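Sequence lines, in order, name chains Z and A.
Once you know that position 228 of the first sequence is 220 in my numbering, the rest is easy, because the numbers rise by one and skip nothing.
Once you know that position 303 of the second sequence is 295 in my numbering, the rest is easy, because the numbers rise by one and skip nothing.
No false leads were slipped in.
Identical copies look the same in the list; a pair holds intra-copy or inter-copy alike.
Listed below are the simulated DSS-like cross-link pairs for lysine-lysine, each with C-alpha atoms no more than 25 Å apart in a straight line:
hint : residue 1 : residue 2
1    : K105      : K225
2    : K309      : K13
3    : K3        : K225
4    : K185      : K57
5    : K9        : K50
6    : K105      : K138
7    : K10       : K37
8    : K105      : K228
9    : K323      : K105
10   : K41       : K9
11   : K3        : K228
12   : K13       : K37
13   : K323      : K309
14   : K10       : K309
15   : K3        : K37
16   : K272      : K349
Don't read these hints as lab results, they were simulated from the structure.
Remember, predicted model here, so these are calculated numbers, not experimental data.
Number of protein chains: 2
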Amino acid sequence: MLYDINEKVIKLENEGKKIIKFNLGDPFQQTPEEIIEAAYEAMRKGKTKYASSAGERKLREELAKMHGVSTDNIVITAGSKWGIYAVMYLLLREGDNVIIPTPRWTAYDLTAKELGARIKLIRTELESDWRLEPSEIEALIDDRTKLIVLNNPNNPTSKVIDENIVREIVQIAEDHGVRILSDEVYADISFVKVKSVLDMSSNHIVVRSFSKTFAMTGWRIGYVIADRELIDKIIKLNQITLTNIPVFIQEAALKALELRERIISRIRREYLERAELACKILSDTKLKFSKPEAPFYVFPKCDGLDSEKFAFELLDKGVAIAPGTAFGDYKEFFRISLTAPEEDFERGLRIIAEAFK
Amino acid sequence: MLYDINEKVIKLENEGKKIIKFNLGDPFQQTPEEIIEAAYEAMRKGKTKYASSAGERKLREELAKMHGVSTDNIVITAGSKWGIYAVMYLLLREGDNVIIPTPRWTAYDLTAKELGARIKLIRTELESDWRLEPSEIEALIDDRTKLIVLNNPNNPTSKVIDENIVREIVQIAEDHGVRILSDEVYADISFVKVKSVLDMSSNHIVVRSFSKTFAMTGWRIGYVIADRELIDKIIKLNQITLTNIPVFIQEAALKALELRERIISRIRREYLERAELACKILSDTKLKFSKPEAPFYVFPKCDGLDSEKFAFELLDKGVAIAPGTAFGDYKEFFRISLTAPEEDFERGLRIIAEAFK
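Throw the hints in and build the complete structure from the sequences for me.
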């Protein structure tokens, strides 16, 4: 569904129609200039050669320091998505299964299914503030369960998992010898504090990215934090696939880390303002939703809504959103990305709100 | 072995020793300035966002024109290595087998083995000018044979496969319903004309790269040419793995194509001069070798040589080469890369030659 909507958007744009895009998770911000300059400088210095499949030592060291792990626990990947693929490719065998709470970003089950694994979905509900029930996870674990996927903060709900819930899930995972794959790509710019699974145990796997935190989506750079054995296997997989992430891109990422505090506080503030404006505009409608605890999304519900139909109708009014069905069995929901361009942002939200007055 | 030598090289360099590196296939040339400027300009124009998993339309169109195929037959990949991985991942199942002539670049069988396929190797010999016997390929085909890998021109021999041999192999492949995966990354800068499998049939698969042709190894950009069905599957695999190759890198590649004639003729000439110098220096020894028909390598033989032992001994003299065992059962051979820096090139070759006077 995400792709169908986007194809339609591209078609309409090619016909010359203006579409306000709330359907994608690509930041409105440009990559900060200092980051671009760092990449350029590195290219000019000849950092355009084959390099380590683990990633540049300096970058891995900085990330290790940041996360309180050893350099050997970090591998640089082509975005967090490559990290997720590599972890699943290495840990899942045909017939294994993966537990995934919903609503969820589709890449998790697309990847797991592609690799021959079965998916066990868990529902969370707006009515209980998207609370994840550890006991429901435990009930689904069997001897072929290899991974529990957490997305913290969550896409599309922008909900942060409560620290105690994370702790309970970690305990359950350890009791059953199952590993958690925690996708924490929105954690750095979250509005509320995020407790990582790594704060509780070093047995689990975290994927992170520069994409959202530094407006670097198209650069394709992220990393995996895990035990050394798994990291070594990912490095070996990188050797026969990616070879290396371009060193000039890694130098850009290093510059991003150097400017981290400043960039993050600006980006977080910009999304917080947008989230507040969105809540204000939408609260004056019959839509129900939880207040985002992190960028980039609001995931409102309208009782009885057919969100796929609504998505196409809204396109005729020049606004694109993502129907809830793209994230699981959530037909009455839709996802609004807070990433639309500045000049259209408020107007687009008002067009959405108008449909639910 | 390649990795062991390289680890030792890094260790010696860290100890402050100077090593002349003939062991790697990374060009001595810098990426041309115009290509770097094109990447920089694209970054500054905001081409840093998520993009198509197929690759940018304009780049695919240019490549399609160049190869006389349709745009739908081209997908942009993270170097040719990702192309090889994707093709093998999509076409090989556990228990299938792949026919690979030797000497060969190790990535083919590392990847095929990683995916659970069996390898059937064919020997070619210096004494018969590395001639590939189509009948030997045919004899190895069984009902689980899925791919025949050709590397044309070949790494490490720098031999171009004779046009008639390519035609015979294509015919055999078609008779048996087997596909050819032809790695032609050295073809653009070959000293003699290379006949592609695609010149004879559109049923096969070609991987190409910007790495060698434009001194862009670390940028990680290449492409696959194949039938639309396979290309669509690679695009789908890209969607759950790479997402996209950074658009600014694709813009750099587009600039490279624009300057193609000029860059290629310079790079080819530089390697031709180096190949001639290497042949001249080595011909005055007891080494036997075929004259390179393409960059980057010479693959000489010394009867009775233990090339692994020799490689380590040579390191003590400050020169690194790759032992023949890295490319198959070729213990008496070693590979010299013509990619060492200008100022050390001749001196390094003379040190090697000295060992075989």
